[in-house]
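Q: Sequence order for the protein chains is L and F. Going by the numbering used here, the letters in the first sequence line up with residues 301 to 544, in that order. Going by the numbering used here, the letters in the second sequence line up with residues 65 to 182, in that order.
Just so you know, these hints were derived from the structure itself, not from any lab. All figures in this text were calculated on a predicted structure; none of them were measured in a lab. Where is the CB? At the ideal position from N, CA and C, for every residue including glycine. You may find that some hints are simply not true.
[As the list claims (entries may be wrong)] Beta-carbon label-pair distances, calculated as ranges:
1) 468(L) to 97(F): 43 to 53 Å
2) 89(F) to 503(L): 28 to 38 Å
3) 72(F) to 434(L): 43 to 53 Å
4) 326(L) to 178(F): 32 to 42 Å
5) 469(L) to 140(F): 42 to 52 Å
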Amino acid sequence: MTNTDNPHDLYTSQKDAFWGGVKEGIGAPAVVLFAGMLGFGAMGRTNGLDLWYTGFCSTFMFALPGQIILLDMIVSHSSVLAIALAVTLTSTRFVTMTLTLFPQFGRSVKDKKSFGAVHLLAMTAWAVSMREFPKIQQQYRRSYFVGLGLFCWMLALPGTALGYLLAGLVSKTITIGLIFINPLFFVLTFTEIKNSWSKLAVFLGCILGPIFYSLDADTSLLMTGLVGGSLAYGFDRKFIRKLP
Amino acid sequence: MTGNVQLETWQLWVALLCACVGTYFCRSVGVFLSGRVDQNSEFFVWLTCVTYAMVAAMTTRLVILPQGLLSTVPVYIRILVCLSAVIVMVWGGKRRLGPALCVGILILLSYVSFYQSP
Chain L
301 MTNTDNPHDL
311 YTSQKDAFWG
321 GVKEGIGAPA
331 VVLFAGMLGF
341 GAMGRTNGLD
351 LWYTGFCSTF
361 MFALPGQIIL
371 LDMIVSHSSV
381 LAIALAVTLT
391 STRFVTMTLT
401 LFPQFGRSVK
411 DKKSFGAVHL
421 LAMTAWAVSM
431 REFPKIQQQY
441 RRSYFVGLGL
451 FCWMLALPGT
461 ALGYLLAGLV
471 SKTITIGLIF
481 INPLFFVLTF
491 TEIKNSWSKL
501 AVFLGCILGP
511 IFYSLDADTS
521 LLMTGLVGGS
531 LAYGFDRKFI
541 RKLP
Chain F
65 MTGNVQLETW
75 QLWVALLCAC
85 VGTYFCRSVG
95 VFLSGRVDQN
105 SEFFVWLTCV
115 TYAMVAAMTT
125 RLVILPQGLL
135 STVPVYIRIL
145 VCLSAVIVMV
155 WGGKRRLGPA
165 LCVGILILLS
175 YVSFYQSP
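Kindly generate the complete structure, drawing on both the sequences and the hints.
A: Dropping the structure here:
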């Protein structure tokens, strides 16, 4: 994470980097995202929403946990205000996800295209980019990210629509398998984290997450992030990196 | 609209619109602040910790406390599936994301089809 100008010439042009991102997307990230959206489409149908609504969610929110909370709260008859608040609170992770990824773009982060690119940010593209960015020259990182993110985003609507149309047709067993691909992928990406502070943060996040969730579901992610992350940082700094 | 939805149709769309705006708002705040964060600073390291803790909490929630269909699978099976996949992933020090995902999902599917088939 600290090596900003890596001498490896992985890509030679923006176009090259873009297609490198697309290529990275084809495979596990695509499967994970598509499976997640299939599951969401099926969920939309079984909860009695129409295809337009379910598809609009996936295309314009493009944040599966928030989408699931939205659906969940609609079914449990929450008020519009409560829904908006809960979804936005869950999305606060995007602030720090962006803040940890976009500064790695270098100078290009400041131009307006980054405001378009950020809509493509999801946990899948974030996890893959965090892993790959140290190997990519700084000036090509955004193109790589857009290639990866755009490819994943374009799968959201067809995945949702297919899930919606297939709901009830495929067996319960298959549906359970599809739903679990998403969390399993994130668990597996954690094994690829290199630095000590992030490993500690993941460990504490796993422990504290359910505890804060049982205290207050809406704010639990934010609280786990702040408390778990700060503890991990403090511990790492004091005992592992031993900075002055 | 059919089924168990109680909100009026226009309220549903207002809720969705607010959810979209709220989500994009969080994303754009991140971009807006990105130009001011030095990626070699200690603040950046702290932020990385906060983010990983949030993402880990999100994942744990999906594994331990899922909603709907997944909650019909016992929690120890879900954890066992994750552990098996992680073992495949790290065994021998090579990156085996595809095989690890496959093994995990296959274990889950075998459990569900043996013990929960109707």
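Q: Take the hints in turn and mark each one as holding or not.
A: Quick rundown of the hints versus the structure:
no., hint, verdict
1, 468(L) to 97(F): 43 to 53 Å, "holds, 44 Å"
2, 89(F) to 503(L): 28 to 38 Å, "holds, 30 Å"
3, 72(F) to 434(L): 43 to 53 Å, "holds, 50 Å"
4, 326(L) to 178(F): 32 to 42 Å, "holds, 33 Å"
5, 469(L) to 140(F): 42 to 52 Å, "violated, 30 Å"
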